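Put chain C on the given structure of chain B with help from the hints.
Going down the list, the protein sequences come from chains B and C. Take 1 as the starting number for the first sequence in our numbering and just add one per residue. Take 55 as the starting number for the second sequence in our numbering and just add one per residue.
Quick caveat, the hints were computed from the structure, so don't treat them as lab data. Hints are not guaranteed to be accurate.
Residues on chain C that point at chain B, a partial pick, calculated with CB under 10 Å [said to hold, decoys possible]:
1) Tyr78
2) Pro107
3) Val108
Predicted, not measured: the structure shown is a model, and the values here were computed from it. We put the beta carbon where it would ideally sit given N, CA and C, even for glycine.
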Amino acid sequence: MDEKREREGIVLTEAQLRSRRQRSIAIALALGVLVVLFFAVTIVKGPAVLNRPL
Amino acid sequence: MSVVDHNTLELAPVRISEAEVGDYLALLKPRVMSLVVFTALVGLALAPGHFHPVLAFTSLLCIAVGAGASGALNMALEGDIDAMMSRTANRPIPRGKITREEAMAFGVTLAFFSVLTLGILVNWYAGALLAFTIFFYVVIYTMGLKRRTAQNIVIGGAAGSLPPVVAWVAATGSISVEPLLLFLIIFFWTPPHFWALALFRSDDYARAGVPMLPVVAGPDATRLQILLYTIVLVAIAVAPWPLGYFDAIYGVTSLILGAGMLALAANIYVSRERSQSLRATRKMFAFSIFYLFALFATLLLEVVVRTIAPWIGFGVG
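Same shape as in the complex, but just chain B (with noise of 0.2 Å):
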């Protein structure tokens, strides 16, 4: 047994396990908010979200 997690490296706990997908989820979340605002807003500026004052 031991000679397997040492093959396998680190071996994370359960609450590391549990924390690390949390943390993916929020990650992947931010990201899409990212994009649909990013989606909204060239929407709503049409051709003129390329028209950036400064």
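Structure of chain C alone, referenced to chain B:
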């Protein structure tokens, strides 16, 4: 004889994070963020002209995330202080849930994306001002002033005063007197609010070595400063009414709330006995939050009234 030693490298044990999403949310200082979002919302509402709701939402989101980034960077830089103070000892870094490096990376990432998104989707003036706000809070206040001078929260208060200005600039692409008035109100509100907190937490601040006014100049000098700043605050908060920038609803509310602030500041000034003083400062701290919230809520109400008045037949013709 071998020229190579077969030594095993002693590596530090790998740290695997067990931080949950809630810990990262705590880094954003949600209560501070909610006040930032609210004041920014008022800045947006007061801005003239039509501003598309999607752009308004985007602006508020970027300002909120920028404020959260400032909070995370502040906690990353103040982990040592937070661990020594009872008010902050339960934050994710002192608890060991998140390392300072992780908080720093989180804060920098959020700051980068909030500024970039506001710049690209709304306008770069607002993006630049948001970047300046984050810079001011993190570099000028947290790194520069916090541990060096009793004027830390006076000057540093500028960062917390900027969100309605950022919102106004996002909506209009320019600056005007109204957002500067909002800036001044928050700017002069900050010292009495935080000094009231510092008075009943002065042992905490002294233990952490933070030179807050009660620690450096003593409670009596702080009481006087709270009173003086409150007088200036109330005058500045009422001034936009006679100057014609905000309407009578705001003016009257500002007068009533200002009287409450003055009474509590005077109460702090005369309450020198320990238990009385503690009660007076706690009251002031709590009321000052309500004061700012109510003042800005009144401005929002004025905008709503002005918007719906023509629809229900008031103020037309």
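Hints versus structure:
no., hint, verdict
1, Tyr78, "holds, 7 Å"
2, Pro107, "holds, 9 Å"
3, Val108, "holds, 5 Å"
In this structure, none of the earlier numbered hints is contradicted; all agree with it.
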